[in-house]
Each structure stands twice: as C-alpha cells, then as structure tokens.
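As given, the protein sequences belong to chains S and U, one line each in that order.
Mapping the first sequence onto our numbering, position 110 (from 1) lands on 336, and the numbers just tick up by one.
Mapping the second sequence onto our numbering, position 81 (from 1) lands on 97, and the numbers just tick up by one.
Source of the hints: derived by calculation from the structure; they are not laboratory data.
For every residue, glycine included, the Cβ atom is placed at its ideal position computed from N, Cα and C.
It cannot be assumed that every hint is accurate.
To be verified - Part of the chain U face toward chain S, derived, beta carbon under 8 Å:
hint, residue
1, V49
2, G133
3, Q134
What the hints assert, rightly or not - Computed list of chain U residues with no C-beta within reach of chain S, every gap over 12 Å:
hint, residue
4, V41
5, L52
6, L150
7, L165
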Amino acid sequence: MSETPLIVLDRVCKQYGTTPVLRDCSLTVARGEIVVVCGPSGSGKSTLIKCINGLEPYQSGSVRFDGEEVGARTTDLPRLRSRIGMVFQSFELYPHMTALRNVMLAQVHALKRPRAEARARSLDLLARVGLADRAEAYPADLSGGQQQRVAIARALALDPIAMLFDEPTSALDPEMINEVLDVMTGLARDGMTMVVVTHEMGFARKVANRVVFMDEGRIVEDRPSEAFFGAPVTERARVFLSKIIAH
Amino acid sequence: MHYQFDWSQVWQHRDLIFDGLLVTVALSVASLVPTLIIGMLIGTLGASGSRAARTAAGLYVEGMRNVPLLIHMYVWYMALAFLRLPPFACAVLGLTLYSSAYVAELVRSGIGAVPRGQARAAAASGLRPWQALLLVVYPQALRIIAPSLASLASQLIKDSSLASVIAVAELSYQAGAIEGQTFRTFEVYITIAVLYLALVLLVSFAIDRIPGLRDAPSVGRIADA
Ligand SMILES: Nc1ncnc2c1ncn2[C@@H]1O[C@H](COP(=O)(O)OP(=O)(O)O)[C@@H](O)[C@H]1O
Ligand SMILES: [Mg+2]
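With these hints in hand, go ahead and build the complete structure from the sequences.
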C-alpha cells in the first residue's frame, strides 16, 4: 500500500460552462515528494490542487488520494479531506475565533479529539510555527505572515499525510514571505508530502523534487527541479521563468 | 383648544392594560421564536448552491412579505376558521409568516456577506457542510446582521398590534376598548405608546448584551482572492 503513489491524477478534465479550465491533466506525487506547481495566472493551478481534496468537481478523468477515488460517489469526502492539510492564499482564518480556537476547531469537530488533547496539540503547533505567545490573539490582530503561520498550524493539526498550498505567500508583504517559507521548508525536511502552487522560485529550487508548469489548463512540463531550472524545454516555461526571475 | 388631561380613567383600567401588555409580550415571543427559526431555514436555502432551493426560498419570501400584514391577519383568521383556532394562534401564524420573510432575506444577505473562502476552508479541514455552516458561517453572518435583526424584532413587537383586528386582546385592542368606554383617547394611546416604546427599548437593550455580538472582533478582512 505504501508503495503506491499518494496522489494520482489521470487525464483530469474540467470546464466551467464551455470554458475548459483543466485539459487532460495527469500528475503523480509519491509519498514524501515535494512538487511545486507554477504557471501564469488563470492557467488552472488552483483548480488543479483543489481537485486533489475534492473541493473542485471535475468532468472526466480520475483523481486518487491514497488509493481512494476522490470523485467517487461513495467517497466520504470530509473524512478524506481531514487527512489532507490545505493552506490558502488569503489565509481564511476564522475571524471570530482566536488563533488557538482556529487550530482546535477541526480537531474537535472533524477528528473528534477530546478538547484538552486538541488544545495541547494546538499549543504545540503554534509553538512550532513560532507563535506560542499569540494563541489568544484574533486573526485581525495578527500580521499577514503570522496569520498564514496559524493557517499552517491549523492544517497540520489534522496530522495530515499530505499538504496542499495555494500561493501561500502571494498575499504577503515581502518581509513576511520568508517566515512562512521557513515553516514550509521545515515541513519538507520532516518528510511531508507537499503540493505547492507558488512563484517563489528560490523555494522551488531549494525544496522541490519536481516542478510542474501549467499553461491554459494543461500541464506542459513536469520535470525534476534541477532539470526544469537548468533548461525548461518549452518556450512558454522559458518566457515565464525569465519574467518572474527578473522581478 | 383646551383639553383637560385626566389620567385617573386610565389608572382605573390598569388591569386591562396590564392584561393587554401580557398578551402583546406573549404574542411577540410566540411569534419571534418560529420567525427566527423559519427565517434562518429559508434564508439558508436562499443562500444555498441549489437553484431549486433558491427559487423556493425566493417564492416564499416574495409571497409572504408582499401581502400586507393586515391581510395576513384576516386571511389566516378566515381560512382557518374551520379549525376553530383561537385568534391568538392565527395572529401568531400571520406574524410569523410575514416576519420570517424579512428575517430570511436578512439571513440570506448575511450568509452572502461571509466570504466563500471561509466555508471552503472549513470543508477542506474535513468539517461536514452542516458543521461549516454552524461553526464558521452562521456565527459570522449573525454578527453582520445583528443590528438589523434587532430592529426586525422591534418591528415585530409593533406589528403585533395588528392582531387587534381579529380580536386578540393585546395592548392595542385593550386600548380601543378602554377608549370606547372612557373617551380618554389621548391618555389611553399615550399610555400604550409609552408601553410599546418600553418593550422595544428593552429588546434592543437585551440584544445589545448578547455576549460576543457587541464586542466581537472585526470580521472585516482582506478580500477573497
Ligand atoms: N467559478 C468559476 N467560474 C468560471 N470560471 C472560473 C471559476 N473559477 C475559475 N475560473 C477560471 O478558471 C481558470 C483557472 O482558474 P485558476 O485555477 O484559479 O487559475 P490559477 O490558480 O492558475 O490562477 C481561470 O481562467 C478562471 O477564470
Ligand atoms: Mg490561483
């Protein structure tokens, strides 16, 4: 069982109305692997990773997570999602709860962990992302970087076997990007399976095993990161890379 | 114009006024509870992803709130005559159907004002849709609509006066009765005006004290990306 890849997308197609958003996307992520997904805005990156935990339905093809077909009617999606952590560009912390309660919520209500245990686990995780002293703060009183670190702690609280990141640093001021990337790098070191949509090419170069490049709903390149950064095969990827590295 | 105020007549009928006040409170409470529950349900349907649910909710809202409350009172009183319901029950029904349409619209807009990403984040963490609604969406939506909800509650108390047309012996009905006997129009209506005012202020005061609603942290946040 543990030999099978953790995430397998096979010729996934999705359209909104008549507009195709994903076209025959196939992707395999092994356990412990770190895959960075990049590409121009609107190329379908967010849609692709949301297919992995069933947040986006798709019209054809198949998505398997740990051997389970995500799109099957019989799949218990909430249960499956509680094994996958997800981090969003806009943090999506619950504004009416403290940092601690944000991290506790799904542990108590999805995993049915006893409150005391969830609380202890949350405090550990907040310490791990460097926010032990901000447990009682509300999201509105935290900086963007702190909010995103709470969001990462909240995702980790499920003890997920994979983490999905959708542009986790795009909404952050430059001086806060590194505090979030450092937490993610630490996770990668600990062997977490990660799919990361990001334009932080420094992070991709340092941490990713593979880089996937998307354009107009297609996966146009999927290669080991050294190879990708060494010389992208496609013209689109070359142009894209030269643009974002120039920044 | 020279009018001699005479409050003694009102004082003589204080027991009637007090009875009326009790009926008004009972009518308001008995209507407010189902109004909030039905309004919450219909409003949630109206904000749901299902087109059929939204249409059904829309029909309910338009059907109920576009009929004047006075007509609601008469219609339910007549239509349910064969059931021999007490007028009080008919008034509760009319008030509930009418007011719940307004609550539904409010709840729908409140849910709509909570960024979609919130429910998505809750779903991504393995919460079931009803848990996401109860734990993440409702608390934020309620904070947003709390002030308008409070004024709807006040509105309902004032609207309950229309139950007098189907002979529910609430405050306005008793006022009419006392006025008919004493001709002390000003004194009687000033008295019940003050009583309505007191009730409404009491309700706003109470709603203001609900923990978490007033001193809630700001739910304003960056736009859903
Ligand atoms: N709810 C939607 N309705 C219609 N089109 C959508 C919707 N969500 C996304 N799209 C379209 O799908 C395409 C891919 O979007 P997305 O996956 O968010 O791209 P990316 O994350 O790479 O910027 C875009 O062209 C976008 O306009
Ligand atoms: Mg995106």
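Structure-inconsistent hints, enumerated in ascending order: 1, 6
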